[in-house]
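2 protein chains.
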Amino acid sequence: AADFQRLLAGYAELLVKVGVNLQPGGKLLVNAPLEAAELARLVARSAYRAGALNVVVRYVDEQLARLKMDAAPDAAIEYVPAWLPDEALRMIEDGYSFLTLDGSDPDLMAGADPERLAKTATLRAAVMRPVSQKMMGFEAAWCIGAISIPSWAIKVYPELAPEEAVSALWRDIFKVTRADTPDPVAAWQAHIVRLGKVRDFLNTQHFASLHFADPHGETDLTVGLADGHLWAGVEDHTKAGVKIVPNMPTDEVFTAPHRDRVDGVAVASKPLLVRGETVEGIRVRFEGGKVVEASARSGEATFLKLLDTDEGARHIGEVALVAASAPVAQTGRLFYNTLFDENAASHIALGRAYPFTFSQDPAQSGGNDSLIHEDWMIGTPSMNVDGVNPDGSRVTLMRGGEWAIEGLTT
Amino acid sequence: AADFQRLLAGYAELLVKVGVNLQPGGKLLVNAPLEAAELARLVARSAYRAGALNVVVRYVDEQLARLKMDAAPDAAIEYVPAWLPDEALRMIEDGYSFLTLDGSDPDLMAGADPERLAKTATLRAAVMRPVSQKMMGFEAAWCIGAISIPSWAIKVYPELAPEEAVSALWRDIFKVTRADTPDPVAAWQAHIVRLGKVRDFLNTQHFASLHFADPHGETDLTVGLADGHLWAGVEDHTKAGVKIVPNMPTDEVFTAPHRDRVDGVAVASKPLLVRGETVEGIRVRFEGGKVVEASARSGEATFLKLLDTDEGARHIGEVALVAASAPVAQTGRLFYNTLFDENAASHIALGRAYPFTFSQDPAQSGGNDSLIHEDWMIGTPSMNVDGVNPDGSRVTLMRGGEWAIEGLTT
Ligand SMILES: [Zn+2]
Ligand SMILES: [Zn+2]
Ligand SMILES: [Zn+2]
Ligand SMILES: [Zn+2]
Numbered sequence: 006a007a008d009f010q011r012l013l014a015g016y017a018e019l020l021v022k023v024g025v026n027l028q029p030g031g032k033l034l035v036n037a038p039l040e041a042a043e044l045a046r047l048v049a050r051s052a053y054r055a056g057a058l059n060v061v062v063r064y065v066d067e068q069l070a071r072l073k074m075d076a077a078p079d080a081a082i083e084y085v086p087a088w089l090p091d092e093a094l095r096m097i098e099d100g101y102s103f104l105t106l107d108g109s110d111p112d113l114m115a116g117a118d119p120e121r122l123a124k125t126a127t128l129r130a131a132v133m134r135p136v137s138q139k140m141m142g143f144e145a146a147w148c149i150g151a152i153s154i155p156s157w158a159i160k161v162y163p164e165l166a167p168e169e170a171v172s173a174l175w176r177d178i179f180k181v182t183r184a185d186t187p188d189p190v191a192a193w194q195a196h197i198v199r200l201g202k203v204r205d206f207l208n209t210q211h212f213a214s215l216h217f218a219d220p221h222g223e224t225d226l227t228v229g230l231a232d233g234h235l236w237a238g239v240e241d242h243t244k245a246g247v248k249i250v251p252n253m254p255t256d257e258v259f260t261a262p263h264r265d266r267v268d269g270v271a272v273a274s275k276p277l278l279v280r281g282e283t284v285e286g287i288r289v290r291f292e293g294g295k296v297v298e299a300s301a302r303s304g305e306a307t308f309l310k311l312l313d314t315d316e317g318a319r320h321i322g323e324v325a326l327v328a329a330s331a332p333v334a335q336t337g338r339l340f341y342n343t344l345f346d347e348n349a350a351s352h353i354a355l356g357r358a359y360p361f362t363f364s365q366d367p368a369q370s371g372g373n374d375s376l377i378h379e380d381w382m383i384g385t386p387s388m389n390v391d392g393v394n395p396d397g398s399r400v401t402l403m404r405g406g407e408w409a410i411e412g413l414t415t
Numbered sequence: 006a007a008d009f010q011r012l013l014a015g016y017a018e019l020l021v022k023v024g025v026n027l028q029p030g031g032k033l034l035v036n037a038p039l040e041a042a043e044l045a046r047l048v049a050r051s052a053y054r055a056g057a058l059n060v061v062v063r064y065v066d067e068q069l070a071r072l073k074m075d076a077a078p079d080a081a082i083e084y085v086p087a088w089l090p091d092e093a094l095r096m097i098e099d100g101y102s103f104l105t106l107d108g109s110d111p112d113l114m115a116g117a118d119p120e121r122l123a124k125t126a127t128l129r130a131a132v133m134r135p136v137s138q139k140m141m142g143f144e145a146a147w148c149i150g151a152i153s154i155p156s157w158a159i160k161v162y163p164e165l166a167p168e169e170a171v172s173a174l175w176r177d178i179f180k181v182t183r184a185d186t187p188d189p190v191a192a193w194q195a196h197i198v199r200l201g202k203v204r205d206f207l208n209t210q211h212f213a214s215l216h217f218a219d220p221h222g223e224t225d226l227t228v229g230l231a232d233g234h235l236w237a238g239v240e241d242h243t244k245a246g247v248k249i250v251p252n253m254p255t256d257e258v259f260t261a262p263h264r265d266r267v268d269g270v271a272v273a274s275k276p277l278l279v280r281g282e283t284v285e286g287i288r289v290r291f292e293g294g295k296v297v298e299a300s301a302r303s304g305e306a307t308f309l310k311l312l313d314t315d316e317g318a319r320h321i322g323e324v325a326l327v328a329a330s331a332p333v334a335q336t337g338r339l340f341y342n343t344l345f346d347e348n349a350a351s352h353i354a355l356g357r358a359y360p361f362t363f364s365q366d367p368a369q370s371g372g373n374d375s376l377i378h379e380d381w382m383i384g385t386p387s388m389n390v391d392g393v394n395p396d397g398s399r400v401t402l403m404r405g406g407e408w409a410i411e412g413l414t415t
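Note that the protein sequences, when read in sequence, are chains A and B.
Every number in my numbering is 5 more than the matching position in the first sequence, counting from 1.
Every number in my numbering is 5 more than the matching position in the second sequence, counting from 1.
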């Protein structure tokens, strides 16, 4: 127990010092599930000790969202107040940093009406758009870190009793975030340098496209890259120049595809959680950048609804490379959580691109836009990835799921 | 357990249907301590079943306030964001009702720096003033109801184990709110009629002052009433015309004193909780409406700081009559909570008056104003209260702590 307390306090420190990299005099908003009080208090303590002016914790009771889905009248599903984004916008202006403690029940919305789910999610995304645009543009420092809560833990460790499942998931979180190393902050600095080298190499190449081919699977996909695309990963800089690590864990490097230059077939290597429902066995065919065929073994209706959110939901806005040996993959577990699973496998994302993955105007460069951004895992331990130059020549990037860039050890 | 669930669900229904009297298509904000998830969900369910458009629950972790008091730099104590009231103001405009589930640790701030406590409370009250003014003017429907949580329950029932203390406090809550009667909603209608008769009688009298005299105590206090004062109690009407019960329980009728016409000595009949500290043995002398002497057996420094908040903090803005036999008093417990204790005894309130206790402009009528409003119990089972007419003649209101108005059975 004392050991757990020590690890948890160190993890809180990591989220504050490396994640949002809170500066003296900084202000912090923490979004957290109800079960996160212990961690949230450690985060607040760590922030105040670092000289924070204010820490606001917004506790979220996700059961209320389910209850609304089931019990509220139809008019309630269509109601999203216009003032919803205002406070967050004021906080961004006011220099707040944003830390999200991510832990939720993967089955929260199982069996709920997909029409109602899609309607609420779409309306909400539209109203909150000014906030997500500013976040994606790094007008504020932000970080998403994981928290082990019972409803999530028992999904990841169904063979364990709830309390043991929570402990097991905490062990995974401490492991993949390096919180269990003697000096977590130093371990992150090393990781940032290591993965930064890959990102920087890719930025020297200016590939026309990436080619994913899995000799043991069906995926054979060419992802054309946006004109003047930029590779990003591990670390970002806010507009004010603060270095942050927006995702913990993070083992991806990623960039912007060209919205009209994606062709071929991609099959999901992991289930995808869409609006609380687990979608399994996704297979998609792209033509000219657009999803022209889509199927799923389970949850297909929800997946098809997602694709129909808007025009941009059938195009992709992110392509990311992750080694098959990344720490999350090493746990051997499926986490039913994007923050974790996307760092276990190479992936693409349906929906909007990140503005910071373009050197020029995103719309002019072939960047995609949408209300959604859904990461979707296609990487496998047998995946080969090449970078394709404008003249058709190729550079080996990954072989058998692992980095294989000549002259670069990672 | 099944019985408790039934009572809790009935209590939730009471808060929604009688407390804020939520209308079909209504919207509800619930402020609740972290421990209130079960009740908050029942409230949400009840609200959605009544046709609510939206229920937002804001969970408050009061430990964060204590942690800030202890660990934050001085600058943090002086920081209150200007945007703090904005969301509540937008919600008031947007027709939201406000339900506060009141449960907190009476010792939360024990031993904290009184300077820092006072500074934060004063700055916060100033920034939140536009909200409290609208609430006091009933521009929104609102209700405060109690919730049993461990830190509060063990203070009320120190002789019990925490879990039993929580159950015992729940029994008290269900009792004083009539949630344990066969038809709680009907029981409240009867209570509203009964206490309403007293309020209506007092409104026909137009007393110049009230005279409190306790033959077994030191209190001998003349409370001059504001010109054109109005008696209020049990039920109020929002500006939109919805009948609400702002406090559950409520057994008081109250009106506005004249800020410059209070004279004599008042001693507290119960401890007062000020900013998380328990102040005991308060004795105050008024002259021309102003507190000119003040002492307390414990917590005196905190009490004196409260009086120094602003000019109006040394004058009173409310005088309230409560029968010594009221349900809360019958429990025989001290609750260290204003919502409960103020409904166990007659009281006065330091600080601002309620605008709805005046028939004309409050400032012109002798109404008091301040950033604070602190109820302060002076009623005892031996207290006599007379209404004094402008010509000096007297009307018996209470004898031995009980209502004794001729011709009125209560
Ligand atoms: Zn990604
Ligand atoms: Zn993504
Ligand atoms: Zn009162
Ligand atoms: Zn009061």
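These aren't lab readings, by the way, just hints derived from the structure by calculation.
Note that this is a predicted model, so its numbers are computed, not measured.
Please note that the accuracy of each hint is not assured.
For identical chains, the list gives no copy identity; a pair is met inside one copy or between any two copies.
Below, in silico cross-link-like pairs of lysine to any residue (SDA-like), each with a Cα-Cα straight-line distance of 25 Å or less [stated by the list, open to error]:
| # | residue 1 | residue 2 |
| --- | --- | --- |
| 1 | Lys248 | Ala130 |
| 2 | Lys22 | Glu83 |
| 3 | Lys295 | Gly100 |
| 4 | Lys180 | Gly233 |
| 5 | Lys295 | Asp91 |
| 6 | Lys22 | Leu309 |
| 7 | Lys244 | Tyr84 |
| 8 | Lys124 | Glu305 |
| 9 | Lys244 | Ile377 |
| 10 | Lys139 | Trp408 |
| 11 | Lys295 | Asp185 |
| 12 | Lys22 | Ala76 |
| 13 | Lys124 | Leu165 |
| 14 | Lys32 | Pro386 |
| 15 | Lys32 | Ile82 |
| 16 | Lys32 | Met133 |
| 17 | Lys160 | Glu292 |
| 18 | Lys248 | Val203 |
| 19 | Lys32 | Pro90 |
| 20 | Lys22 | Ser364 |
| 21 | Lys248 | Ala166 |
| 22 | Lys202 | Ala80 |
| 23 | Lys248 | Arg399 |
| 24 | Lys32 | Ala70 |
| 25 | Lys32 | Arg134 |
| 26 | Lys124 | Lys139 |
| 27 | Lys248 | Glu285 |
| 28 | Lys139 | Tyr341 |
| 29 | Lys32 | Gly269 |
| 30 | Lys124 | Glu67 |
Against the structure, the hints:
1. Lys248 with Ala130: neither (27 Å within a copy, 36 Å between copies)
2. Lys22 with Glu83: Classified as between; 24 Å across copies, 40 Å inside a copy.
3. Lys295 with Gly100: Cα proximity of Lys295 and Gly100: none, with 39 Å in one copy and 44 Å across.
4. Lys180 with Gly233: This pair counts as neither: shortest intra-copy Cα distance 36 Å, inter-copy 70 Å.
5. Lys295 with Asp91: neither (34 Å within a copy, 43 Å between copies)
6. Lys22 with Leu309: neither (40 Å within a copy, 41 Å between copies)
7. Lys244 with Tyr84: Result: close only across copies, 24 Å inter versus 33 Å intra.
8. Lys124 with Glu305: within (17 Å within a copy, 57 Å between copies)
9. Lys244 with Ile377: Close inside one copy (23 Å), not across copies (41 Å); limit 25 Å.
10. Lys139 with Trp408: This pair counts as neither: shortest intra-copy Cα distance 33 Å, inter-copy 62 Å.
11. Lys295 with Asp185: neither (43 Å within a copy, 62 Å between copies)
12. Lys22 with Ala76: Only across copies: Lys22 and Ala76 sit 17 Å apart there, 42 Å inside one copy, limit 25 Å.
13. Lys124 with Leu165: Neither: 36 Å inside a chain and 50 Å across chains, both beyond 25 Å.
14. Lys32 with Pro386: neither (42 Å within a copy, 51 Å between copies)
15. Lys32 with Ile82: The answer is between: 13 Å across copies meets 25 Å, while 33 Å in one copy does not.
16. Lys32 with Met133: both (21 Å within a copy, 20 Å between copies)
17. Lys160 with Glu292: For Lys160 and Glu292, neither the intra-copy (36 Å) nor the inter-copy (68 Å) Cα distance is at most 25 Å.
18. Lys248 with Val203: within (18 Å within a copy, 66 Å between copies)
19. Lys32 with Pro90: So Lys32 and Pro90 pass the 25 Å test inside a copy (18 Å) and across (18 Å) alike.
20. Lys22 with Ser364: Cα proximity of Lys22 and Ser364: none, with 29 Å in one copy and 57 Å across.
21. Lys248 with Ala166: Result: close neither inside a copy nor across copies, 40 Å intra and 49 Å inter.
22. Lys202 with Ala80: neither (52 Å within a copy, 41 Å between copies)
23. Lys248 with Arg399: Classified as neither; 33 Å inside a copy, 75 Å across copies.
24. Lys32 with Ala70: This pair counts as between: shortest inter-copy Cα distance 15 Å, intra-copy 28 Å.
25. Lys32 with Arg134: both (22 Å within a copy, 23 Å between copies)
26. Lys124 with Lys139: within (23 Å within a copy, 34 Å between copies)
27. Lys248 with Glu285: Neither. Shortest intra-copy (36 Å) and inter-copy (52 Å) distances fail the 25 Å Cα cut-off.
28. Lys139 with Tyr341: neither (27 Å within a copy, 46 Å between copies)
29. Lys32 with Gly269: Answer is neither: 46 Å inside a copy and 48 Å across each miss the 25 Å cutoff.
30. Lys124 with Glu67: within (17 Å within a copy, 35 Å between copies)
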